[in-house]
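Participant: Mapping of the sequence shown onto this note's numbering: residues 1 to 285, in sequence order.
Worth flagging that the hints you see were computed from the coordinates, not collected in a lab. Watch out, some of these pointers could steer you wrong.
[Stated by the list, open to error] Each computed EDC-like pair below joins lysine to aspartate or glutamate, with the alpha-carbon atoms no more than 16 Å apart:
hint	residue 1	residue 2
1	LYS66	GLU77
2	LYS159	ASP99
3	LYS274	GLU77
4	LYS66	ASP199
5	LYS203	GLU177
6	LYS69	ASP99
7	LYS94	GLU228
8	LYS66	ASP99
9	LYS159	GLU142
10	LYS275	ASP99
11	LYS90	GLU103
12	LYS94	ASP199
13	LYS90	GLU236
14	LYS94	ASP175
No experiment lies behind these values; they were computed from the predicted model shown.
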Amino acid sequence: MRFVKSYIAGILFWILVVTFSCSGKEEKANAEEIGKIITPSLAEQIQATAESLRLPRNIYEPLLAKARKTPDAVIRELTVIYNLDPYLWKLVDKQHGLDPSYEPADLVPLRSNVYRLSREGLTLRQEAAKALEAMAEAARKEGVTLVVSSTYRSYNYQKSVYERNVRQMGQAATDRESARPGHSQHQLGTVVDFGSIDDSFAKTAASRWLERNASRYGWSLSFPQGYEAVTGYRWESWHYRYLSPVLCDFIDTYFQGIQQYGLLFLHYFQEPFKKSFMPSSYPLP
């Protein structure tokens with residue numbers, strides 16, 4: 001009798017083990033299915049981010065369409081961009097600034113026979129300086145000489161520029177065309193102001209050449225005509241920021257070449273992309 005009871009108890013034990021094991025597998029499977037339902041697709045996340053930023057639909061529609069059709073291709077593109085030097089795609093505008101102490105570690109003095117310097121002492125980050133050299137060489141072959149008039153500015157230098165402009169033009173006029181200290185792209189060490197640094201530059205051969213060719217060398221016009229409400233600054237035909245060829249191509253392809261829209265999107269899409277889509281073998285810097 002004791003043997004029978006032990007036998008029955010053993011059977012009941014194994015029934016319970018199998019039951020709980022199956023239940024655990026079902027719960028895990030259910031959790032995975034729920035996770036798939038809750039986690040948005042790449043296209044859904046792109047749309048949610050763009051809408052939260054109030055980007056015009058026609059601006060981000062090309063990226064959204066590509067994400068719906070070939071999401072893996074977009075993931076690869078974004079992975080490459082997010083693994084660039086983060087200061088190349090860093091958003092610097094009236095709402096997003098740099099630490100006053102920030103100074104690029106790889107600034108180099110500009111010296112060249114293919115472009116002209118308006119004054120001595122101008123510097124850029126090394127990658128930007130090389131890209132400027134390549135672009136200026138291409139321009140010269142077409143009979144255009146680029147004149148470099150302003151480049152890296154420290155926080156304190158920008159502070160003096162801004163305060164001088166306020167004294168001369170007043171606060172409102174200054175804020176349309178001069179960044180407050182800590183909010184100037186010049187502090188990144190990847191910006192060049194070309195030529196006369198005024199509206200007359202737009203009528204020059206250099207300006208027209210840059211409009212057609214700058215992005216191929218990684219340079220992007222920061223403050224285009226007609227977008228003051230977006231960038232916060234009036235049109236500056238002379239102000240170009242080095243982003244890299246791959247990032248310029250991304251912004252040209254998916255954001256109609258408007259730098260502010262592209263960098264704004266990349267800034268706020270970084271975390272959801274890292275959390276849900278970034279391949280683990282390519283962590284964000």
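Participant: Confirm or reject each hint.
Facilitator: Cross-check of the supplied hints:
Proximity of LYS66 to GLU77 is assessed by CA-CA distance (about 11 Å); at most 16 Å being required, the pair is judged to hold. Of the supplied pair hints, the one linking LYS159 and ASP99 holds, its CA atoms being roughly 13 Å apart against a limit of 16 Å. In summary, the hint linking LYS274 to GLU77 is supported, as the alpha carbons are separated by about 13 Å, within the 16 Å threshold. Taking the CA atoms of LYS66 and ASP199, the gap is near 37 Å; set against the 16 Å cutoff, the hint is violated.
Proximity of LYS203 to GLU177 is assessed by CA-CA distance (about 19 Å); at most 16 Å being required, the pair is judged violated. Pair hint LYS69 plus ASP99 does not hold up; C-alpha atoms about 40 Å apart against a cutoff of 16 Å. Straight-line distance between C-alpha atoms of LYS94 and GLU228 comes to about 12 Å, which keeps the hinted pair within the 16 Å bound. Using a Cα cut-off of 16 Å, the hinted pair LYS66 and ASP99 is violated, with the two alpha carbons roughly 36 Å apart.
Distance hint between LYS159 and GLU142 is unfulfilled; the C-alpha atoms sit about 38 Å from each other, more than 16 Å. With a C-alpha separation of about 26 Å, the suggested pairing of LYS275 with ASP99 is violated against the 16 Å cut-off. Restraint check: the Cα-Cα separation between LYS90 and GLU103 comes to about 14 Å, which is no more than 16 Å; the hinted pair holds. For the given pair, LYS94 sits about 22 Å from ASP199 by alpha-carbon distance, which is inconsistent with the 16 Å threshold.
Among the hinted pairs, LYS90 with GLU236 is inconsistent with the structure: their alpha-carbon atoms are about 20 Å apart, more than 16 Å. Distance hint between LYS94 and ASP175 is fulfilled; the C-alpha atoms sit about 9 Å from each other, no more than 16 Å.
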